[in-house]
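The residues making up each chain are set out below.
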Amino acid sequence: MKPAAFAYHRPGTVPEALDVLAEVGHDGKVLAGGQSLVPLLNMRLAAPAHLVDVNWLAELDTVAVGDRAVRVGAVARHARVEHDRAATGAVPLLGQAIADIAHATVRNRGTVVGSLVHADPAAELPAVLVLLGGTMELASAGGGSRRVAAADFFLGPLESALRPGELATAAVFPRPPAGSGSAWTEVARRHGDYALCGVGVLVVLDQGLRVGSARAACISVGPVPVQVDLTDALGGQPHDGADWAAAGRLAAAAVDPEDDIHATAAYRRHLAGVLTARAARAAAAHAAELLDRGAA
Amino acid sequence: MSEPLHETRLVVNGVPHTVRVPARRLLADCLRADLGLTGTHLGCEHGVCGACTVLVDGRPMRSCLLFAVGVDGAEITTVEGCRAPGGGLGPVQQAFQDCHGLQCGFCTPGFVTTITAWLREHPDPTEAQAREAIGGNLCRCTGYQNIVASVLRAAELLRGSR
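Going down the list, the sequences are from chains U and H. Take the first sequence: its position 109, counted from the start at 1, is 109 in this note's numbering, and no numbers get skipped. Take the second sequence: its position 45, counted from the start at 1, is 45 in this note's numbering, and no numbers get skipped.
None of these hints come from the bench; they were simulated from the model. The structure displayed is predicted, hence computed values, not measured ones. The beta carbon of each residue, even a glycine, is placed where N, CA and C say it ideally should be. A couple of the hints might just be wrong.
Said to hold, decoys possible - Restraint-style ranges between C-beta atoms, simulated for each label pair:
hint, chain 1, residue 1, chain 2, residue 2, range
1, U, A4, H, Q129, 36 to 46 Å
2, H, C44, U, G12, 27 to 37 Å
3, H, T18, U, A7, 17 to 27 Å
4, U, M43, H, R120, 43 to 53 Å
Claimed, not checked - Taking lysine to aspartate or glutamate pairs in the DMTMM-like style, the calculated list, with each CA pair at most 20 Å apart, reads:
hint, chain 1, residue 1, chain 2, residue 2
5, U, K29, U, D120
6, U, K29, U, E16
7, U, K2, H, E132
8, U, K2, U, D53
9, U, K29, U, D53
10, U, K29, U, D193
11, U, K2, H, D124
12, U, K2, U, D27
13, U, K2, H, D34
14, U, K29, H, E3
15, U, K2, U, E16
16, U, K29, U, D100
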């Protein structure tokens with residue numbers, strides 16, 4: 001179980017990295033934290049001819065907390081974002097979800113942007129980016145750059161809109177609107193394993209502390225994160241006594257999971273319902289708590 | 001066709017080394033095969049079991065998921081580096097002996113490195129925190145009870161030595 005031979009590239013700047021990626025095209029793969037890629041290499045499920053190691057690009061090791069969003073550079077590790085109180089204060093869902101990514105040891109090396117580009121249907125961060133309406137920043141040789149909305153970025157299992165030769169330089173997580181709260185919840189066979197089902201919920205309360213709008217994103221129950229609008233089930237209801245079970249039923253009806261060796265489709269659907277109800281209740285409580293703290 | 005070699009510098013347990021390795025040489029294999037530090041064990045070789053955990057610039061990482069060239073210049077601490085400064089068992093190693101925290105010992109190097117780093121930031125852990133701290137390391141012998149006890153005992157030894 002050892003990787004096949006590859007040519008190793010260690011560019012010193014982003015333009016240099018983009019030139020190498022343009023040159024190697026389909027035969028190249030970007031190496032960031034490697035916590036998903038290296039297992040695939042070790043098992044020879046992937047054998048790219050060229051690896052472009054971006055870990056040395058200090059200009060991409062950034063977490064910028066702005067008025068409107070948190071922008072995470074391509075080399076920022078999960079652990080760095082997780083422990084950045086300004087970042088998780090601005091976008092609490094980031095901190096809530098990252099805590100459920102594998103184990104601390106993996107989070108010390110794995111990157112936020114790498115996890116997004118890997119586009120694993122069981123991964124937390126794609127759902128977070130989708131739920132917040134975030135954006136990926138992609139660059140290519142010769143000064144090319146484009147932004148892709150989260151909703152258009154995840155195309156299928158392990159398939160994103162990133163093209164050969166492109167480098168994802170950053171992910172932008174918008175701050176949720178005023179009055180909002182969020183929660184992340186998931187069930188795995190063992191803590192730290194891939195989720196059998198995971199659900200993030202974003203709830204926005206109105207001034208009367210009633211649910212104005214609510215949305216969920218579910219993982220491991222479809223090829224990409226499944227977004228569900230929960231407003232029909234929860235809208236207008238009090239933050240501490242809405243019909244959470246109805247929100248769960250909406251989610252369970254919206255997902256289309258498959259059987260695998262870890263869980264049946266029926267069980268995953270059941271989890272989507274239970275976890276959505278649980279996350280919606282927690283997100284509404286979180287929103288009320290933030291409003292209370294803001295008013296104090 | 002011979003594979004190109006990359007000159008790579010590693011400071012392992014305080015000792016500087018320069019190795020010439022193919023790009024695909026995993027850090028775990030570099031430590032074991034090139035540097036003869038066989039304390040680092042390889043269990044699953046895909047990041048699940050935690051046996052190969054070493055500290056890279058002080059932080060626990062899976063050495064089976066890192067290429068040696070990828071951590072060029074880094075300071076690495078392996079289980080061999082977790083001994084007491086004057087020789088003999090370090091506090092975490094001593095705690096494992098005191099509490100029977102190992103049986104076959106295969107997974108132990110990964111536990112010792114992980115716990116050594118973790119206790120620096122959590123000097124007075126609860127049992128629940130200790131259990132969470134070792135959540136990324138698999139042990140097939142002990143049933144974990146004595147490993148949790150070892151974490152708490154190591155914290156006690158470290159507090160006593162300060």
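(request) Return the numbers of the hints above that this structure violates; sort them in rising order. (result) Structure breaks hints 4, 7, 10, 11, 15 and 16.
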